[in-house]
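Trainee: The primary structure of each chain is shown beneath.
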Amino acid sequence: MPDEEVYEFKSGIKPMWCPGCGDYAVLNAVHKALTNLKLEPWRVAIISGIGCSSNLPHFLTAFGVHGIHGRVMPIATGLKLANPELTVIGTGGDGDGYGIGVGHFIHAMRRNLDITYIVMDNQIYGLTTGQASPTSLKEMKTKSTPEGVIENPVNPIALALASGATYISRGFSGDPKGLAELIEAGIKHKGFSLVDVFSPCVTYNKYNTYDYFRPKVYSLQKENHDTKDMGAAWKKALEWGEKIPLGIFYVAEGVPTYEDLEPAYRQGMPLKQKLGITDPRELIEEAM
Amino acid sequence: MPDEEVYEFKSGIKPMWCPGCGDYAVLNAVHKALTNLKLEPWRVAIISGIGCSSNLPHFLTAFGVHGIHGRVMPIATGLKLANPELTVIGTGGDGDGYGIGVGHFIHAMRRNLDITYIVMDNQIYGLTTGQASPTSLKEMKTKSTPEGVIENPVNPIALALASGATYISRGFSGDPKGLAELIEAGIKHKGFSLVDVFSPCVTYNKYNTYDYFRPKVYSLQKENHDTKDMGAAWKKALEWGEKIPLGIFYVAEGVPTYEDLEPAYRQGMPLKQKLGITDPRELIEEAM
Amino acid sequence: MKKGEVSFRIGGAAGDGVASSAETFARTCTRSGLYVSTYSFYQSVIRGGHVWTQVRASESPVNCHGEDPDVLICLNQDTADFHAKNVTEGGAIIVDPNAVKVEKNELKKGVTLVEIPLLELSRTYSTAQIMKNTVALGAVVGLLDMDFDVFVSVVKSQFGTKKQDVIDANVGAAKAGHDFVAKGNGRLQHPARYTKVRRMLVTGNEAIAMGALASGVKFHAQYPMTPSSSILHYLAAHGPRHGVVVKQSEDELASINMAIGAGFGGVRAMTATSGGGFSLMVEGLGLAGMLEVPVVVVLAQRGGPSTGLPTKTEQGDLNLAMGAGQGDWPRAIIAPRNQQECFDMTVKAFNLADVYQTPIILMTDLVLSESYGTVNTFDFNVPINRGMMADESKPEEFKRYLVTESGVSPRAIPGQKGFQHIAGSDEHMEDGTLISDVLAGLPNSLEERVKMHDKRMRKLNGMLKDTSGPELWGPERADLTLVSWGSTQGPLREAISRVNAENRIKVNSLEYCYVFPFHTDETKNILKSASLTMAVEGNYTGQFARLLRAETSIEMNHHLHKYDGEPFEPRHIVSKIKEVMKLA
Amino acid sequence: MKKGEVSFRIGGAAGDGVASSAETFARTCTRSGLYVSTYSFYQSVIRGGHVWTQVRASESPVNCHGEDPDVLICLNQDTADFHAKNVTEGGAIIVDPNAVKVEKNELKKGVTLVEIPLLELSRTYSTAQIMKNTVALGAVVGLLDMDFDVFVSVVKSQFGTKKQDVIDANVGAAKAGHDFVAKGNGRLQHPARYTKVRRMLVTGNEAIAMGALASGVKFHAQYPMTPSSSILHYLAAHGPRHGVVVKQSEDELASINMAIGAGFGGVRAMTATSGGGFSLMVEGLGLAGMLEVPVVVVLAQRGGPSTGLPTKTEQGDLNLAMGAGQGDWPRAIIAPRNQQECFDMTVKAFNLADVYQTPIILMTDLVLSESYGTVNTFDFNVPINRGMMADESKPEEFKRYLVTESGVSPRAIPGQKGFQHIAGSDEHMEDGTLISDVLAGLPNSLEERVKMHDKRMRKLNGMLKDTSGPELWGPERADLTLVSWGSTQGPLREAISRVNAENRIKVNSLEYCYVFPFHTDETKNILKSASLTMAVEGNYTGQFARLLRAETSIEMNHHLHKYDGEPFEPRHIVSKIKEVMKLA
Ligand SMILES: Cc1ncc(C[n+]2csc(CCOP(=O)(O)OP(=O)(O)O)c2C)c(N)n1
Ligand SMILES: Cc1ncc(C[n+]2csc(CCOP(=O)(O)OP(=O)(O)O)c2C)c(N)n1
Ligand code: SF4
Ligand code: SF4
Ligand SMILES: [Mg+2]
Ligand SMILES: [Mg+2]
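Here the protein sequences come in this chain order: A, B, C and D. Start counting the first sequence at 1; every next residue gets the next number (our numbering). Start counting the second sequence at 1; every next residue gets the next number (our numbering). Start counting the third sequence at 1; every next residue gets the next number (our numbering). Start counting the fourth sequence at 1; every next residue gets the next number (our numbering).
Because the hints were derived from the structure by calculation, they are not lab data. From the three backbone atoms N, C-alpha and C, an ideal C-beta is built for every residue, glycine too. It is possible that some hints are incorrect.
What the hints assert, rightly or not - Here are the simulated DSS-like pairs of lysine-lysine, each with C-alpha atoms no more than 27 Å apart in a straight line:
#, chain 1, residue 1, chain 2, residue 2
1, A, Lys10, C, Lys394
2, D, Lys417, B, Lys14
3, B, Lys206, B, Lys141
4, C, Lys451, D, Lys85
5, C, Lys394, B, Lys206
6, B, Lys141, C, Lys394
7, D, Lys399, B, Lys272
8, A, Lys141, A, Lys177
9, A, Lys188, B, Lys138
10, B, Lys188, A, Lys138
11, A, Lys38, C, Lys399
Unchecked claim - Sample of chain C residues at the chain A side, in silico, Cβ under 7 Å:
#, residue
12, Pro383
13, Ile384
14, Met388
15, Glu566
What the hints assert, rightly or not - Beta-carbon label-pair distances, calculated as ranges:
#, chain 1, residue 1, chain 2, residue 2, range
16, B, Gln273, A, Tyr218, 47 to 55 Å
17, A, Tyr7, D, Ala128, 42 to 50 Å
18, D, Gln164, A, Lys138, 30 to 38 Å
Please work from the sequences and hints to get the whole structure.
Mentor: Okay, here's the thing in structure tokens:
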């Protein structure tokens, strides 16, 4: 491909994240993946919710909706269904996606839409200044849990396996190269892709820091993990403690996507159709 | 225990379910379980949402809330936390619990509250006269999917495994005895118990009928399934087709419940405490 | 029985096929050239209880289901017990004497009791219980001297060519009932002139769905909820063929946000629900208002509060629609008065949504949503105005939220090269960047906010101009002016006609289809010359009268509120008018 | 600088510790016997941007943060650029000359520029950047001739006994600043008499949380949302020790429904949120209204619509609160005017909720929720009225939804033997059984519905009697009456005092704390003798003025609306009064 077809995806707006925030690495990785894939910014749409992480769309040159807290998946779904030719990417935080939004997350996955969902999981509520998130570990002390969290954390990888996502992966802001690859592969994958990212909040989560993760994380791909084996993926999804897997947990190829099955598409893409009814006779007849 | 301590749990109100509806068997099973457990009706509370199935509380002599669609778990959670001495049971339909309510379902499970949740899963929306539900099988034709469902169904057992429920089971209205046993064991279990029930809708689901299930279902317990083995439970959770397992998939004993961990209970049960602050000095001092 | 019209009622238990038999009859009347209006009284149970449907058919247009029945089919004893005594003079009651007993001495003068062994006769044609309804329908066709072939044509349309055996059974059963009465077992005064004029028979929901199709809706997301569900059913059945993506979402939070996503994507998008689901859309509506994404939301009201009376009618969600979403944002609320307006106003709603790039709320109620009415064949060739789009040739000048006099900014959609922007729910600047991203705390951030908020709110001016004021119906000068909104129009006009015909006084009616932005000037103009006013609405607190007062300071002299779940009948209004005007 | 008071402002970027330094100063003032009112101007970003906090301290009570600063600490150049020129005559500006340059010729008369090498001095005590703030604070303490020991006591309270090293560093750094100015590097006019009177310094949110504790709340569920979050933080920190279950829920749908579950369980239950979260509670609120479950809901308003201005103030959610939930159900809306009322009205709200068994909405706004104000030590010994409970001795007579004159029915809670019942969201009968279960379609179902709906709505009468009318403040006769609700009171009263002192005309103020049910009679009585009226409120459309008009037909003569996200300052109101009254 000629050079001029590679587009710049970084907008002129400077993120206001705290210095050291994991989200910078995610932004860079998204940028790199989009550039590598030689996508055109006007055919890409990034949908986010509310949270520090959800500001991400503003820092890219694509289309986007910076929506409301927890509704990334419905907005992305509506947009993708209206125009399946777009590359639709959801982004946001752990609170947004796995807390208030977990219901939509489950339903989006079982639809297997061709959407990539990147969750910046910092195990804390950043923007609201440090309350427990659904992925906060048990006993973690936060503003809302001064005596420690007493809930078991949500396991996004396990939920994704249970719900029919066809590409399930986890990255780490401390491994920007690996992260960009996961995102790129996720976008390329036809079907619902989850990229869960450990993206440390350096301001409000003093526990799950870069240093917390670095000695623990390892790459599934370097261990020859079989991404087609759901049982193996399930085991890896449950692994947590001294060793924490990164990389691709599971991929199901060739599963029909929602877009493949949607009956309306037999008439073409909704956005490109003529409006209205040219021959209403049948509708009228039926109502007589 | 002396005989007079066994209470009648059936109220005088006659259910208006269609003749043959699976929910009758669930009602009977709940009744039987409560009676067997020799519970006192005034210490039992049944919380439901909206749907045919959600009418169930009215047919029992316990306390109850017939709430709104999808919010069974939050209401039950609030009640249980306010008065942990109550036996709190959630009931409702597949739409209620796994559709609109699936987010709360996930969060309730990860809390491991000592609540039993009985979902009458008829794979259809009954009360609204026959639209697809989150457990409707792919390709099923309903009023809202005249060309067939194109989503993959929710797998409640797998979701429960992924979310930390400590008692996970499935019953069938066609096996009332087994169902009553599952419910009884669920109530006895300390921690979150799920009893997913195939409870056929004879009016709107002409596919997943009693006759559909009868030749397929078998009892896990008769097969010496190890309910402590999460990996085995996961495999069984995915089993669907010619053979469909019933019974207890998974039990985790001894996991602390939310009630065990809640710091406020060090002061006693909320309901029984004196209201207000007897010694506000510390609060005042701090604000000076 | 009134001249030129007949009110037919069939009653039984849920599951007896009452509504579908009534529909067959309503279609038969429609194809016989009559105007029809129906109402179904049913419960939130799938089986049992007591349900009935009324079909009123007339030579001249009818706007409500009327009052007492002229012809009654009693499928069970409850029906006889509750309704037989109300059958009008000269009317008829059809029962299976083997199943239902009628107290003859309670009947009105000249009511014919037609006893037909419905079940027995039906057995010849089918073992299905419901076939006895068909026998009864056949009898009614006979009693009313209708063309049996018209009935046959309706049955054929209903079952299609593939189900010849079902058609045969139905026709046979109906014929048996027809012949039974033809043998002199009853005949009514020939009630109406039958013609071959062709009209459509649609519910409000169907009219909305058709209006949406005509308008080019390409995305509809909905979660089922009575009385809005049949919009989903209609569109699911007919939409995909016309390229419409129709999605049953996981809940109403998803419905509205999916519609917003699709609207942002550039297609016409809609959702529909009732009050409970609308409650869940409240946050999303505000989002659409802020993103300036067009979306049409149908709010089909039912009895509240909360789950309330799920299968009963009410007009109790106006406060909810007015207050939906934190802060101020521009919305329009339209309350069609009848099935024809359901079609027309859906078209209007899509145009307003696109032109003003904001959510438009279409409010109906159970009785309008689910009742059938005859309409002249809809003209699907409707005006479509997609509003202001960005100048394709000047991407460099594009600002999605350009501050304009009208408050409307040029729109661009994903896929348009050079027009990328982020639609954000935080307050933003003209190009869509967030104030907090680029001006966090800088003094001019306040100005930018005010400019943008003003801009959005200015759309209300345009919407006010683009919609028409209330309609004054009846004599221009009157002793009493009834004020109403939405579907109350039907029984209200009929009540007025009756009062004006029978009394010295004159009553007229001020009817609101465009509820918000409120037509304050027109209202003041009209009401300042009104002698006495009375608001007629289907809720407890008089939500519309409060809105009117908030907008005009005008207090209604009288109020008629109904909140028992049943629609107004003309006589309710007539008697209140008489009370207020001190008529005998 | 005004006599007897000082306005202190500190500005920098998010993350510079501006708010916490200001709090330290505010506490020092409070412990010095001054009345304090603060305001934080901040952004929805964790780092960067421009933020500042003002602390106004006075010998006499102050109800708002005032206007221009007398003393300004510039932690960065932005602060100097934006604020230095506004420092009042005779005031002082503290900067680190190595970091910040001040344009001297832009300063007002007699403003002292105090240049202190803040960072350098701080290095001796700590490497933490924030320590330079402490140096500056010490300097201010010196400039204002405050007792340095009071400052030390505040630092000690803040860090507790366990952090002696932190305390030492802070005290050392402050002393360095203090000594720097003591060496003649600046001194202000002694601004106020310091005393040892002890008062509390609380935010509106803290006052609400304390009020809830005093009232015996036993369950609080909340999802974080600015500006309500500190209620959660306070209760999470202090609740469990007092036996309060405090739950961060998964969303606001869960918060309200958990609170309903707990309320049904018999404990006092609360939730808190802002407009976006309240939008998600709309359906649950109607549920509580229908189940007749007491629950207190705090709605802390911020700038809308949608995500809007998440860290800015507004009074734009009144329509939302009024319209929440489909259908009609009884609610009360209370808008405390200051921190003291936040405490008192929370107590009131719990009592109203229990007595009327329905949701009570407590509305604040960002500026009241998050600003500190001094209050006299709260009396935690508050009246508690749990309302009507069932007669324990007569379970057989118990009907949960007994129709009564007051609309209130006896309540029983799970665990009470013989009092079992189902609280249902469908319309029900006196004993709680559903109409559709036992009367489906029977003619008397309509009556039962009407009886029950009337019963519920009658509670509004009782709530009206149990709450007081608007407060008329200022001269009884006036040329202009300002009408306001909630926190606008503070700047408004100050504006009135100023106008009345300086002009011939007299202005007074009609203030609403109890917003709904609306006190129509009192309002009419008071306003009928008003010469001119002006509504002052913090939103675009004048939501309160609309409510007032809907309830009374009274139209305000003038309106002052502010919706730029910042709170009213007295001068905004003064200048509008002057404009309206045609004063120079
Ligand atoms: C309905 C609603 N409730 C609450 C909020 C307040 N809120 C904004 S961001 C956020 C959580 C942020 O956490 P997360 O999603 O993990 O993102 P992060 O800031 O950590 O990147 C919350 C609760 C909101 N905007 N909307
Ligand atoms: C917010 C809201 N949306 C929609 C509805 C309408 N509704 C009532 S019951 C129901 C679904 C019933 O299905 P399910 O939960 O499976 O129960 P079933 O009737 O099959 O037992 C729906 C959508 C509602 N009551 N509330
Ligand atoms: S608060 Fe945490 S998540 Fe937010 S920008 Fe700072 S480091 Fe990142
Ligand atoms: S419709 Fe289905 S679920 Fe409802 S009562 Fe009838 S059989 Fe049961
Ligand atoms: Mg987070
Ligand atoms: Mg179901």
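Trainee: Does the structure keep B:Lys188 and A:Lys138 at a Cα separation of 27 Å or less?
Mentor: holds, 26 Å
Trainee: Would the hint on C:Pro383 stand, with a C-beta cut-off of 7 Å toward chain A?
Mentor: violated, 10 Å
Trainee: Given the proposed pairing of C:Lys451 with D:Lys85, does the C-alpha separation stay at or below 27 Å?
Mentor: holds, 26 Å
Trainee: Take the C-alpha atoms of A:Lys188 and B:Lys138, compute the straight-line distance between them, and say whether it is at most 27 Å.
Mentor: Judged against 27 Å, a Cα distance of about 26 Å means the pair holds.
Trainee: If I claimed the Cβ atoms of A:Tyr7 and D:Ala128 lie 42 to 50 Å apart, would that claim hold in this structure?
Mentor: Holds - the Cβ-Cβ distance for A:Tyr7 and D:Ala128, about 43 Å, lies within 42 to 50 Å.
Trainee: So if I understand the rule, the pair passes when the alpha-carbon distance is 27 Å or less; does D:Lys417 with B:Lys14 pass?
Mentor: Satisfied, since the Cα-Cα distance of roughly 23 Å is no more than 27 Å.
Trainee: Is the straight-line distance between the alpha-carbon of D:Lys399 and that of B:Lys272 27 Å or less?
Mentor: holds, 24 Å
Trainee: For A:Lys141 and A:Lys177, compute the direct alpha-carbon distance and say whether it is at most 27 Å.
Mentor: Violated. A:Lys141 to A:Lys177 sits at ~32 Å, over the 27 Å cutoff.
Trainee: Do the alpha carbons of A:Lys38 and C:Lys399 lie within 27 Å of each other, as the hint requires?
Mentor: At roughly 26 Å apart (the allowed maximum being 27 Å), C:Lys399 and A:Lys38 satisfy the hint.
Trainee: Does the beta carbon distance between B:Gln273 and A:Tyr218 stay inside 47 to 55 Å, or does it fall outside?
Mentor: Given range 47 to 55 Å: holds, Cβ gap about 49 Å.
Trainee: Starting from C:Lys394, check that the Cα of B:Lys206 is at most 27 Å away, please.
Mentor: Roughly 58 Å between the alpha carbons, so the hint for C:Lys394 and B:Lys206 is violated.
Trainee: Given C:Glu566 as an interface hint, is the shortest Cβ-Cβ distance to chain A below 7 Å?
Mentor: violated, 27 Å
Figure legend: structure checked against the earlier numbered hints; hints not met, in rising order: 5, 6, 8, 12, 14, 15.
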